[in-house]
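Q: First to last, the protein sequences are chains A and B. Heads up, the first sequence is in the working numbering, so the first residue is 1 and it goes up one at a time. Heads up, the second sequence is in the working numbering, so the first residue is 1 and it goes up one at a time.
It is possible that part of the hints are untrue.
Unchecked claim - Listed next, the in silico DSS-like pairs over lysine-lysine satisfying Cα-Cα at most 25 Å (straight line):
| id | chain 1 | residue 1 | chain 2 | residue 2 |
| --- | --- | --- | --- | --- |
| 1 | B | Lys334 | A | Lys98 |
| 2 | A | Lys38 | B | Lys334 |
| 3 | B | Lys328 | A | Lys84 |
| 4 | B | Lys34 | A | Lys98 |
| 5 | B | Lys474 | B | Lys533 |
| 6 | B | Lys62 | B | Lys110 |
| 7 | B | Lys116 | A | Lys38 |
| 8 | A | Lys98 | B | Lys116 |
| 9 | B | Lys34 | B | Lys116 |
| 10 | B | Lys330 | A | Lys98 |
| 11 | B | Lys29 | A | Lys38 |
| 12 | A | Lys84 | B | Lys320 |
| 13 | B | Lys62 | A | Lys38 |
What the hints assert, rightly or not - Have a look at the derived ranges for each label pair, beta carbon to beta carbon:
| id | chain 1 | residue 1 | chain 2 | residue 2 | range |
| --- | --- | --- | --- | --- | --- |
| 14 | B | Thr51 | A | Leu65 | 57 to 67 Å |
| 15 | A | Ala80 | B | Val15 | 35 to 45 Å |
| 16 | A | Phe131 | B | Thr59 | 52 to 62 Å |
| 17 | B | Val15 | A | Leu65 | 29 to 39 Å |
| 18 | B | Leu18 | A | Ala80 | 37 to 47 Å |
| 19 | B | Val391 | A | Met51 | 50 to 60 Å |
| 20 | A | Leu65 | B | Gly442 | 31 to 41 Å |
| 21 | A | Ser151 | B | Thr35 | 51 to 61 Å |
| 22 | B | Gly308 | A | Ile77 | 26 to 36 Å |
| 23 | A | Ala80 | B | Ser103 | 44 to 54 Å |
| 24 | B | Ser103 | A | Val104 | 51 to 61 Å |
| 25 | A | Pro58 | B | Gly442 | 52 to 62 Å |
| 26 | A | Pro128 | B | Gln371 | 46 to 56 Å |
Keep in mind that the hints were calculated from the coordinates and are not lab data. It should be emphasised that the depicted structure is a prediction, and the values quoted were computed from it without experimental measurement. Beta carbons: idealized from backbone N, C-alpha and C, even for Gly.
So the chains spell out like this:
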Amino acid sequence: MTPLGLLRTLIKGISENTTPNELAAGAAMGVLIGLVPKANLTAQLLLVLIMVFRVNVPLAAVVGLLVSLVSPLVDPITNAIGYKLLAQTPTLTPLWTKLYNMPVMPWTAFNNTIVLGGLILGLILFAPSFFLARKLARVYDEKYKDRFTGSKFVKAVKASWLCDWYFKMGAN
Amino acid sequence: MRWSYIISRVVIVAVIWLAVFFGLDPLLKWGMRKTGESITGAKVDIGRVKTKFFPPSMTIEKLAAASKSDPWTNMVEFNSLSMAIEGRPLFDKAVIVREASLSGLRFNTKRSTSGKLPFVPPSAMGKKFAEWTSSGKGFAMDRFSSIKTDAIKDIKVAPDSLESVKLANELKAQYAAEADAWKTRLEGMKFQERAKGLEERFRQLEKESDTLKQIQMGQALLKDADTLKNDVAKTKDEVTASLDKAKGYAAKIEEAKKRDTAAIKDKMHLPDMDPKAISVYLLGPQTGGMLEKYLGYYEKSRKYIPAGSKAGKIETPARKGTVVHFPKEKSYPKFAIRKMAVTGVLDIGDKNLDYSGVITGITNQPAVYGQPMRAAVDAQWGERKLNLQAVMDHVTETPKDSLSARLSGWALADMKAGDPASLEVKSSGGTGAVDADFAVTGDQLDGKIKLTATGIGLTAAIGGGGDAVAFAQKAVSQSLAGIRTADASIGVSGTLSKPSLDIDSSIGSAFSKGIKAALGQEIENYRKALEAKVSEAVAGYQNQLNDMVKQKQNEVLGQLNVPGLGNLSDQINKKIQDGGLKKALPQGIKIPQFKF
Chain A
1 MTPLGLLRTL IKGISENTTP NELAAGAAMG VLIGLVPKAN LTAQLLLVLI
51 MVFRVNVPLA AVVGLLVSLV SPLVDPITNA IGYKLLAQTP TLTPLWTKLY
101 NMPVMPWTAF NNTIVLGGLI LGLILFAPSF FLARKLARVY DEKYKDRFTG
151 SKFVKAVKAS WLCDWYFKMG AN
Chain B
1 MRWSYIISRV VIVAVIWLAV FFGLDPLLKW GMRKTGESIT GAKVDIGRVK
51 TKFFPPSMTI EKLAAASKSD PWTNMVEFNS LSMAIEGRPL FDKAVIVREA
101 SLSGLRFNTK RSTSGKLPFV PPSAMGKKFA EWTSSGKGFA MDRFSSIKTD
151 AIKDIKVAPD SLESVKLANE LKAQYAAEAD AWKTRLEGMK FQERAKGLEE
201 RFRQLEKESD TLKQIQMGQA LLKDADTLKN DVAKTKDEVT ASLDKAKGYA
251 AKIEEAKKRD TAAIKDKMHL PDMDPKAISV YLLGPQTGGM LEKYLGYYEK
301 SRKYIPAGSK AGKIETPARK GTVVHFPKEK SYPKFAIRKM AVTGVLDIGD
351 KNLDYSGVIT GITNQPAVYG QPMRAAVDAQ WGERKLNLQA VMDHVTETPK
401 DSLSARLSGW ALADMKAGDP ASLEVKSSGG TGAVDADFAV TGDQLDGKIK
451 LTATGIGLTA AIGGGGDAVA FAQKAVSQSL AGIRTADASI GVSGTLSKPS
501 LDIDSSIGSA FSKGIKAALG QEIENYRKAL EAKVSEAVAG YQNQLNDMVK
551 QKQNEVLGQL NVPGLGNLSD QINKKIQDGG LKKALPQGIK IPQFKF
């Protein structure tokens, strides 16, 4: 396999999961990772999950980026959720104390109110995001896919040298 | 098998691994450089940073931190710092260095490039030291030439520019306003009218034929007369207390005159004979600069070693959100070096002295680590000895740091102090010793440095020309010629942001003695003449103030002069006794005096 072939395999590998379920899972994972601050092990583990499961990685990346941009607006909510769970729920204190004393766990920053709050809010929103995204994917498939693929814009892109080069490269 | 799926993920993992493998060390190097530059305020160069994961270790090679005050000199540099890191605390997000070795540690070495950073704002401490060292700039010898002449006659003292004149005018205005306020207030109290009313009532009392009524009137009159007397006396006390502040005016103006004389003296660069002032002039700039540099580093380093316990706090603010802490079975500080061996070279003039030492308990969280940082460094080569002991105790809320350093037997290079245009002292040969003890408790500084030089030769050069300079030069040279041992003591006090220095030296005393012997009388005469000129300029304004005070006091106190009030009570009593009761009562009965 040539280096270009390898590159194409790579691009294909991370963008091939395009069924409505895979797209929806990508969008839901994007929401989850977008709500969690990135400089900790929790965010890195979520990235690993995206790579491991059959989800649409480009969609997860785009949704994650968009949610990250608006996440400061949601921080008061995630902060309140995290603070409630970490500091104002005595029944959970033994669990947090145990986690706090476990190796590696401090790297996850679970004891940061926004990390925990973002993770919890992301998990709560996971199912609604998944079903909403799947519905949108199906509607797109049924009603807009043909219109979109037949549009002048897509045709122009397909006729471009970049697209031509991409498909030629795939033939090698 | 879906190769595209597997390969894509393997490639991403490989990219991340490569980024860590090749990117971690440069990233650490960059972080260390930036942190170092923020502490020193000058460039920090690092040759190489090498990390290993199995077993965890880190090596920093060829670090050179430039000096902020002298960008072409490295304040500190070392060849290599190797650290063996404990593995278990890394899982707890803590870097604990079990053992470290720092080799080739040197100070004040030359740089090939400038270590100046684009812009570093001066610290509060730096400004304070700058103020302090500039205080010695007033000292100069360039008026020697005019001391033996009649130049004092040509000096014009402009009254408007004098602080004492301004003060006299201010006091005059203040006093006048206060006295006028009293006058208005006293007019409102109507003491004269009330006294006249009492006199009128007394006349009616005299005319009264009914004895009983006369007694009743007398009692009421006595009561009112006493009230008026008390009111007048009380007010007089208040007025006197208020107006008596003028008694302190003379002293205030005298103080201001002294400051005026000193200011003119400074402006004219009249030579100072105070040994301390000479010591500050000679040693102040170097001492102030040196202390500013090292105390500045110390102050900045304290920010990275916060005092007190954070373990007791349940929550700490984070960049985003709040970090909630829980009880730890085993706590590690974020960073610590348990023990570090240090070797290096110290340049002490004629010889590079190899030294070695041990530093224990280096950490950014002393409260969690539970042990203060301790350093002990020793070196000896022949007569040359160095011993340094330092403790940085930030375990409790109040930091308690101390440094004790003894350096002896170091051969002194030829040194210069002062300015050749004014006064310069040169020293040659000899050996030096430094004995320093510093303690910082909280923000309070307490330090003493004693510098001793033995077997030295001293010469002095006084700038300017003329007979007086030659005369002073000869006298000072004679004073310094016999000196083979010199010492200086530097006291440091105050706080880190407002340090204060006190410098005294035997050279200052010897020099002062020389000047006094040569031109002491002339300088004293010059100073007295200046004082007389200032007094002459202020005298008119001071007299105006005194006259105004007298006038206002007379006016105000005159309003409190109520004639006849003192005798009124006696007259009433006499009248009651003689005219009324005495007649009504049988002989032999003693009538009590009415008093209210």
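Q: So, for every hint listed, does it hold in this structure?
A: Each hint tested on the structure:
1. B/Lys334 with A/Lys98: Within the cut-off at roughly 20 Å; holds.
2. A/Lys38 with B/Lys334: holds, 21 Å
3. B/Lys328 with A/Lys84: Distance of about 21 Å is within 25 Å: holds.
4. B/Lys34 with A/Lys98: It is violated: about 36 Å lies between the C-alpha atoms, which goes past 25 Å.
5. B/Lys474 with B/Lys533: violated, 31 Å
6. B/Lys62 with B/Lys110: holds, 14 Å
7. B/Lys116 with A/Lys38: violated, 36 Å
8. A/Lys98 with B/Lys116: violated, 50 Å
9. B/Lys34 with B/Lys116: holds, 14 Å
10. B/Lys330 with A/Lys98: holds, 12 Å
11. B/Lys29 with A/Lys38: Distance ~23 Å between B/Lys29 and A/Lys38 Cα, so the pair holds.
12. A/Lys84 with B/Lys320: holds, 16 Å
13. B/Lys62 with A/Lys38: Given pair B/Lys62, A/Lys38 is violated - Cα atoms ~34 Å apart, limit 25 Å.
14. B/Thr51 with A/Leu65: 57 to 67 Å: violated, 31 Å
15. A/Ala80 with B/Val15: 35 to 45 Å: Because 37 Å falls inside the window, the suggested range holds.
16. A/Phe131 with B/Thr59: 52 to 62 Å: Distance hint for A/Phe131, B/Thr59 holds at roughly 54 Å.
17. B/Val15 with A/Leu65: 29 to 39 Å: The hint (29 to 39 Å, Cβ to Cβ) is violated, given that B/Val15 and A/Leu65 are roughly 19 Å apart.
18. B/Leu18 with A/Ala80: 37 to 47 Å: holds, 40 Å
19. B/Val391 with A/Met51: 50 to 60 Å: About 52 Å separates the Cβ atoms of B/Val391 and A/Met51, which means 50 to 60 Å holds.
20. A/Leu65 with B/Gly442: 31 to 41 Å: violated, 49 Å
21. A/Ser151 with B/Thr35: 51 to 61 Å: Given range 51 to 61 Å: holds, Cβ gap about 54 Å.
22. B/Gly308 with A/Ile77: 26 to 36 Å: holds, 34 Å
23. A/Ala80 with B/Ser103: 44 to 54 Å: holds, 53 Å
24. B/Ser103 with A/Val104: 51 to 61 Å: Once the Cβ atoms are compared, 34 Å apart, the range 51 to 61 Å for A/Val104 and B/Ser103 is violated.
25. A/Pro58 with B/Gly442: 52 to 62 Å: holds, 58 Å
26. A/Pro128 with B/Gln371: 46 to 56 Å: holds, 53 Å
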